[in-house]
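On the provided structure of chain S, position chains H and E as indicated by the hints.
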Amino acid sequence: MYELCKRLFPICRSITGDGVRETFRIIQSEIPDTKFKIYEIPTGTKAFDWTVPNEWNIKDAYILTPSGEKICDFKKNNLHVLHYSVPVSKDLPLSELKDHLYTLADQPDLIPYASSYYSERWGFCLSHNQLMGLEDGIYHAEIDSVLSPGSLTLGELILPGMSDDEVMFSSYTCHPSMANNECSGPSLITYLAKYLSQLPERRYTYRLVLAPETIGAIVYISRNLDYLKSHVKAGFNLTCVGDDRAYSLIHSRYGNTLSDRVLNAVLKYHYPDFDEYDYTKRGSDERQYQAPGVDIPFVCFCRSKYHIYPEYHTSADNLDLISASGLQGSYDCMVKAINALEWNQKYRLTTLCEPQLGKRGLVPTMSSKETYQQTLALKDLIAYSDGTNDLIDLSKYTHQPMERLIPLIQKLLSCGLLEEVK
Amino acid sequence: MYELCKRLFPICRSITGDGVRETFRIIQSEIPDTKFKIYEIPTGTKAFDWTVPNEWNIKDAYILTPSGEKICDFKKNNLHVLHYSVPVSKDLPLSELKDHLYTLADQPDLIPYASSYYSERWGFCLSHNQLMGLEDGIYHAEIDSVLSPGSLTLGELILPGMSDDEVMFSSYTCHPSMANNECSGPSLITYLAKYLSQLPERRYTYRLVLAPETIGAIVYISRNLDYLKSHVKAGFNLTCVGDDRAYSLIHSRYGNTLSDRVLNAVLKYHYPDFDEYDYTKRGSDERQYQAPGVDIPFVCFCRSKYHIYPEYHTSADNLDLISASGLQGSYDCMVKAINALEWNQKYRLTTLCEPQLGKRGLVPTMSSKETYQQTLALKDLIAYSDGTNDLIDLSKYTHQPMERLIPLIQKLLSCGLLEEVK
Amino acid sequence: MYELCKRLFPICRSITGDGVRETFRIIQSEIPDTKFKIYEIPTGTKAFDWTVPNEWNIKDAYILTPSGEKICDFKKNNLHVLHYSVPVSKDLPLSELKDHLYTLADQPDLIPYASSYYSERWGFCLSHNQLMGLEDGIYHAEIDSVLSPGSLTLGELILPGMSDDEVMFSSYTCHPSMANNECSGPSLITYLAKYLSQLPERRYTYRLVLAPETIGAIVYISRNLDYLKSHVKAGFNLTCVGDDRAYSLIHSRYGNTLSDRVLNAVLKYHYPDFDEYDYTKRGSDERQYQAPGVDIPFVCFCRSKYHIYPEYHTSADNLDLISASGLQGSYDCMVKAINALEWNQKYRLTTLCEPQLGKRGLVPTMSSKETYQQTLALKDLIAYSDGTNDLIDLSKYTHQPMERLIPLIQKLLSCGLLEEVK
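Those sequence lines, one after another, are chains S, H and E. The opening position of the first sequence corresponds to residue 1 in our numbering, with each subsequent residue numbered one higher. The opening position of the second sequence corresponds to residue 1 in our numbering, with each subsequent residue numbered one higher. The opening position of the third sequence corresponds to residue 1 in our numbering, with each subsequent residue numbered one higher.
Calculated directly from the structure, the hints in this document are not laboratory data. Remember, predicted model here, so these are calculated numbers, not experimental data. Worth double-checking, as some hints may not be accurate.
For identical chains, the list gives no copy identity; a pair is met inside one copy or between any two copies.
[As the list claims (entries may be wrong)] Capping the alpha-carbon separation at 25 Å, the derived lysine-lysine pairs in BS3-like fashion look like this:
# : residue 1 : residue 2
1 : 229       : 346
2 : 359       : 46
3 : 396       : 75
4 : 359       : 281
5 : 90        : 396
6 : 194       : 76
7 : 281       : 268
Just chain S, with the same shape it has in the complex (with noise of 0.2 Å):
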């Protein structure tokens, strides 16, 4: 994973633009076998309170300075222009150049993230030290952007299961040059995009959708809404997925949703000291999702979560942030969420009173001291398999991680003392 994010690294993403297309141009050729399908979205679509805007595509920029020299040079880090910046060509005086420059006083060796894609202006970012020793003079601005009708380009992958109910996992492809935010979320999905098409069986068919945050979350559901509320039982957007500290789940509006149970469910027992946010700390693509009448049941996962560690939406998010064992951490706490689901279901003991487990060997048969604790998780399990606790509920009250019980579950299943209930 680490790997694809390095090569998607480079890449001027906008929320259109040809950058977006080489992006899923190399994660469809990471699947080889189910590809992700593309859509180009004409400008001028409308899709609920909003409207495609014009594409926006870029081939250079920079400022000269009044002694020649060129600085905030788009070629040696995008995240220099202000993105969806209109073109520009022009000579100016310092005091006027200062009105198109944006920096972070409080962080004055980075370069900000900022971007104008509803209102036309054009701009530069710079590092707040490098503004503070700028000299007085005429200076040379040139943006060499087109912003003109075209399309937004999305990409979605849809893995049949034995149900048309799905869980769904999505990101972002509109971040320029950041690595944690956000190659870490593409390239996490593009890899559980193979895990999940080499399973034997899905139970849930699952949904892959990368779009440019907000504008494509709401074309995305504006061409979908109906078919994702009846489907779609579990969603998780996935975002800032690659550093090496926090585990974070961003809760759902009202943090009672089966993606808010099992993703808790999950992290309680491996990531003890995980983050939790409540839904007013929202702010990627779960804003759309969970918006008041779309209701589709998501949350968001994170390691470090966006707006809280210090090097988000600046130059210092780059690869150096980001790490295989951070991404690997992520991947893995998403394919235990997707076995503790495809498990989820509630179950119910086919006795009454306790089973006699020691004649089918599930416990020892002799009864001291020392054996009875031993074989308490499946104890447990039993005596809360009444037929209304799922997976999830079960984990809760017999305090075991839901990966251990999964496997006494399907013994159970095969000796014919547990059944699904329907």
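Just chains H and E now, with coordinates in the frame of chain S:
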């Protein structure tokens, strides 16, 4: 309000009598356009388990010591007489007189307040230190009171609103010269009447009631029970609202009425250290409004709570204990509760997904790390406006005070992004 | 109760056999008028997933060392034999004998208690220190036991009340010479039978059951399931009730039955430091009564809980571990629970607003700062008697122990201010 308290303080009030009528005359004079209606309920009137007692009036009361000194002089402090004392004029030795003297051993400098409404007695209240200093000998006890058929006086002001649904405030007029308990409550009710009567429009109808504690509330309920039960949506009993110490919320029987919810939501932002008490700590007319089968949604609001503050029911509850700022704090709190109730509708977003706020000038059109946080309250309000949350819920979910949300709601209603749910 | 424990202690009980019958003879002799009914359930009887095993009786068991010393002598301590051992009489070297010896390495001075009911074995239990001291050589193992068709013995006492609804107590009779676990439970059951049989009237019918643990409870349930499910409103499994240390409440599966509620309400006032355990800490016959589909409302009550106290299932669980006061504490607690259940109705105030308590002599007629607090329990009881709260709820809301509320309820019922809600 403090000036009004000063005028009310010297009057000798009890559960009946001319002191109550004088109190109402003063209050009526403060609200020229909208007068309190005054009701006189005759002695002997039945009200549930109770009967309106004889009316009590008193001209004078004192004790002459063996040396001829006048002590326990009613004209100096009307707490000196046991309220509802029958007339007496007799000589008796100290040993016999002591059966009629009431003191507070643990607050030896203070005169207690005591009464005996439903069992005929006579007596005097004095400081424990004074009692200890009394010499042996023959004393003369003189109480020039009249206890005879008359009536109980209560007052009611109804300010109609767009709806028949009501918000109700109550306080009581039966306490003699004590400032916090209870000149402050009638004074606050008077100023809330002024505030409410000048509002350009009222969604709710407002009902303000002043009556003697317990018997007055019971009589009032017995005359209006069915109407109050079906129309009062939130009620507040106001008592001990004049000092500068705590803010106290005494909850309804189960702590879950609209009154509990709105007052809690007001207090948690403005006086976060306020004291909450469950219904077992009740003590004033909330006892009647919340009685089983009555069940009118009522809480009680105080600054320092009755039974808790040390001056309670003693001569130390005087005009030095309360202040203009203390009364103003209570007034502000009630006005906030009124405004919150007026806006306490459920709201629903009229678009699907997030609305595009930028094109309406509601958020900055340029997206950077710094602009996001500034508009969170607005975005959180939208995120929870799913038609199930009233203003109080919205305050809880967005972690914002209601008074900050109300102008945002007005803005969103006016641009058509929100609608009220009927 | 302690004397009864002393009589029961020496008997070698198991899940079947003459030791159980001897135990019942002693218990029956304690309750002359109302006898336990004794049932004999033949070997081979099916009960859900189980079958009643062969009956086991034993005359003697010991090991002879190479030097001819008799060790592990059953006649000195019946824990020395692995319970349900098949007969054996053979010479064998120490290395082979060791496969049949059971010790506790971490409690090296104590003899463990062990059994093998459903898989044929023979063995001896001894202290780990004794095992370590055994010399090499040829040993003789002698177990003079009989394992053959017979029956399982269980006992039941039903004390009819005004209602067919039942309160049930259970304990078990299958443990050999251990005092707390389990001479204490049958002894307490016996004394509760005495208490209940002399009550002038009983609202509930009481059912007291003694049977071997697990198989006995399962057999008993299989014979009575429908009746128990529809009639038992609260059940208590009593075990390890004889020491002077903790009080323990092991909750039902979801912790929300009448049994949980009443025992919790008793313990929180009388032994506020009692230990609460969720259902995953169960271990005795509550496992069967609360099994999925059985769902009889049962909790388990202990002083120091099984699996927790260090002497559990060892030779240190002897008559020194329990005491008359320890047993008495358990008895008092159960009697309080019985009384609470007998009065656990919902009550409704018969007047609207507060009743006038003074005219009935229920509170002082003079109102002063000091009289108010004295009658709060009575007033709070009235305030929450709205027909929705039973005695347990009233205890919770008024913050008063149930035994304090019961006489107040009796007083209010007798003067007509309260009525029971059917």
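Structure-based check of each hint:
1. 229 / 346: Close inside one copy (23 Å) and across copies (23 Å); limit 25 Å.
2. 359 / 46: Answer is between; shortest inter-copy Cα gap is 14 Å, intra-copy 66 Å.
3. 396 / 75: Neither way: residue 396 and residue 75 sit 53 Å apart in one copy and 48 Å across, limit 25 Å.
4. 359 / 281: Only across copies: residue 359 and residue 281 sit 24 Å apart there, 53 Å inside one copy, limit 25 Å.
5. 90 / 396: For residue 90 and residue 396, neither the intra-copy (65 Å) nor the inter-copy (51 Å) Cα distance is at most 25 Å.
6. 194 / 76: neither (33 Å within a copy, 69 Å between copies)
7. 281 / 268: Classified as both: same-chain Cα gap 20 Å, cross-chain 21 Å, threshold 25 Å.
In summary, the structure is inconsistent with hints 3, 5 and 6 from the numbered list given earlier, while agreeing with the others.
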